[in-house]
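Undergrad: Go ahead and model the full structure; you've got the sequences and the hints to work with.
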Amino acid sequence: MTKKTTKLPETGQWPDRVAPAVLVAGALLTTVGFLMAFLVVPPVGGAAVGGAELIGGSLISNKLLISQKIFFFHMPVAMVSFCALAFAAYYCVWFLVTREQRFDTCAKIAMEISLLFVVMTMITGEMWTRFEWGVWWTWEPRLTTYLVLMLIVIAYLVLRNMIDEPERRATFSAVIGIIAFVDVPICFMVTRLIPSSIHPVVVREGGMSPEMGLCVGVIMAGMLCVGFALYRLRFRQVRLEQRVEAVKELLED
Amino acid sequence: MTRSQKAPAARPAAQAPAPAARPQRPSGFAQYKTLLGKDLRQEFRTKEMLVSMGIYAVLVIVVYGVALSFARPGGEFLEVSGGLLWALVVFTSLLGLGRSFAAEKENGCIEGLLLAPLDRGVVFLAKATSNLVFLLVVEVIAVPLFWFFFSSFAHPGASAPLMVAPLVVGSVGIAGVGTLLSTITANTRGKDVMLALLFVPVIFPLLYACVSATTAALVGGDALADVFGMSLALAAGYDVIMILASWVLYDFVVS
Amino acid sequence: MNPILVEIYSTVIPSAPYLIAAYALLWAALLVYVLMIMRGTKRAEAQMRLLEEAVAEQASRSRSER
Amino acid sequence: MDAAIEVRGLTKQFGGRRAVDDVSFALPRGAFLSVFGPNGAGKTTLLRMLATLTRPSAGDIRVGGVDAKEEPDAVRASVGLISHSAMLYPDLTAEENLLFYARLYGVPDPERRVLELLDAVGLRHRRLDRVRTFSRGMTQRVSIARALVNDPAVVLLDEPYSGLDPHAVEIFDELIGSVRAERTFVMVSHDLEKGRALADHVMVMARGRVVRFARADELDAEEFRALYRSTVGTGVA
Chain A
1 MTKKTTKLPE TGQWPDRVAP AVLVAGALLT TVGFLMAFLV VPPVGGAAVG
51 GAELIGGSLI SNKLLISQKI FFFHMPVAMV SFCALAFAAY YCVWFLVTRE
101 QRFDTCAKIA MEISLLFVVM TMITGEMWTR FEWGVWWTWE PRLTTYLVLM
151 LIVIAYLVLR NMIDEPERRA TFSAVIGIIA FVDVPICFMV TRLIPSSIHP
201 VVVREGGMSP EMGLCVGVIM AGMLCVGFAL YRLRFRQVRL EQRVEAVKEL
251 LED
Chain B
1001 MTRSQKAPAA RPAAQAPAPA ARPQRPSGFA QYKTLLGKDL RQEFRTKEML
1051 VSMGIYAVLV IVVYGVALSF ARPGGEFLEV SGGLLWALVV FTSLLGLGRS
1101 FAAEKENGCI EGLLLAPLDR GVVFLAKATS NLVFLLVVEV IAVPLFWFFF
1151 SSFAHPGASA PLMVAPLVVG SVGIAGVGTL LSTITANTRG KDVMLALLFV
1201 PVIFPLLYAC VSATTAALVG GDALADVFGM SLALAAGYDV IMILASWVLY
1251 DFVVS
Chain C
2001 MNPILVEIYS TVIPSAPYLI AAYALLWAAL LVYVLMIMRG TKRAEAQMRL
2051 LEEAVAEQAS RSRSER
Chain D
3001 MDAAIEVRGL TKQFGGRRAV DDVSFALPRG AFLSVFGPNG AGKTTLLRML
3051 ATLTRPSAGD IRVGGVDAKE EPDAVRASVG LISHSAMLYP DLTAEENLLF
3101 YARLYGVPDP ERRVLELLDA VGLRHRRLDR VRTFSRGMTQ RVSIARALVN
3151 DPAVVLLDEP YSGLDPHAVE IFDELIGSVR AERTFVMVSH DLEKGRALAD
3201 HVMVMARGRV VRFARADELD AEEFRALYRS TVGTGVA
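Protein chains in written order, with my numbering: chain A, 1 to 253; chain B, 1001 to 1255; chain C, 2001 to 2066; chain D, 3001 to 3237.
Please note that the accuracy of each hint is not assured.
Simulated restraints on C-beta separations [as the list claims (entries may be wrong)]: (1) B:1058 to D:3182: 57 to 63 Å; (2) C:2010 to A:100: 58 to 64 Å; (3) D:3085 to A:241: 34 to 40 Å; (4) C:2010 to A:54: 17 to 23 Å.
Derived from the structure by calculation, the hints contain no laboratory data. Just so it is clear, CB atoms sit at the ideal spot from N, CA and C, and this is done for glycine as well.
TA: Below is the structure:
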């Protein structure tokens, strides 16, 4: 049977022509979102206040929480980290089916992007938790899920350095990539369904007013573009390094 | 040496018909029993893994003893004991899983298995079952020992025997996923650290569900009613999904 | 100052440092990654130039031998 | 009549390097092929691909007319491998080891077959002792019994002589001689004399490629030794 030639992702294909434009779009969208978050969307109400005041045409009766603004970047960045993990799992499956090293490279880069965005999620989540509940860390469902995701992605990258032989390294990494993709949603679900007895979680997200929804949407789109552009940039760099290695090898013998 | 006369190989239409004397490939279940029998016989003869896991569990209990010697006995201990017990199970199983392929790798026996007409899922199931058996044997010793040493702190509630359910469900999950991960890390550098680094995050949801179920069983009362059933169901769900995934992916990992 | 207004805005000042830290670190993380990529690309390009010279030199040497 | 082993365009790539590069040959049933070549010439990789232990990057292998890629298990049922790693469980007795493999391959009446094999290798009296207590030579003999447990049509030998004392080598040759009827052998070895003595086909490999493949009688000893020296000299990977 003729080996169906799968189209291998390569630099210079359509994603690369689009990448610079996407990067600009990403930057624009995130800045617009940033401004919207602070200027357009009214801050969320916190604890009730002894009276009520007329500010800017509406009656405010509880503390206005600026810290909640972090949420506008926290949630989109977290979503992008899940998307990156999904992409990585997609390439892992493709590698196991076709055994093409190129898909393994793509999976590695997608995992790196996922790690980057998880770290960003942890940073923003950390700052929000610090102010919101006054503690540096609480074993609250969302934070634990991201911690587990971060550890798995780190384990994936450490595993890659522990194996030298390219074929075995790629196969084992692909398996771990798929296991991670299966494991994280379960972790997401388990930590939510079982109430941790320490202290009930005040879920602030609750109902999102239209402007908040729009703002989050804009930033989400922006972050997706940034993620995609970074992926292509990193992909071009890794491909260049691989070509350099190949030429070196040719020169040797 | 008389070799029974092989029927002349007929024109191979689709597949050369196996001559009568040539062995018929046994059913998957028969191969599973053979593999499991070998693992159990080998382990119960040397008892290498069982003894090391048992001693390790006792050592962990000793460390707990020191850690808790300054805590006030009483109700809080019960809530903590579920987690302590599971920490003991996780690290003891890590030790056991790390050594589960020692015998195979030591003499190139893995290649002996790969040479046989045997699909890799059967190897996975047999190895997972043997790991499960060893883990359960150690738990049967370690858990009562744990309560023996900490009886001065607190006595488990009336519903404590329910604790067996999460222990079994958890051990099944640990043995299943653990076998896949230990196969991966069996021939990587720094294999013990690598196994732990992969194992703990992947097993986290199962651990989370099992600890909550065990604690509910130990504390008893109202906590038991709503949390126990839900946690156990989630743990069982985790087992099914992850063992299925491990079973499917095992073929790539072992060849 | 009107006490209620003060209370309404009471959380703004204390939360400011965390807010700023959050966004600053966010962009710092992105920046670090981009810098890593740039450094890697430059190093790879430098090696590629080196190799091109080596190939050219090897080609000329083999031509002179023939 | 179908060739026992048919290999076409077999290649194995490790990263950039081609350990086995476009190897093709065919072996009739009952032949004995000795493969020679310097270290890193790809001999062992070729053997491991024949044993379906390593997945080829390209090309195909047919054993007894069955394609190894499409039906690996059918090929595995008819192949036996003897290598310097014994593939035996040290804490199980010789009999238990062989019974384990016999049941795995689904050999009819395993107990009788195992005793028959232990007789053949002359270890029936030590069948209840653990393999850990055996000498290198005895372990190798049990390993031969293991490789023959499924009555394989093809027997692969990977450096079988390494670590054997002369007496053990003698027994080994005798055993191989006694089971040669109708089986096809492929042996990888550094031992020129041993390799040529047993073989009726000879292959010399260097850097993953086949330098020479011929019937043993077409190559007289002197020409062969010169050929070997030349490939070993130039062929160092």
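Undergrad: Hints the structure violates: just list their numbers, smallest first.
TA: Going through the list in order, the structure violates no hint and respects every one.
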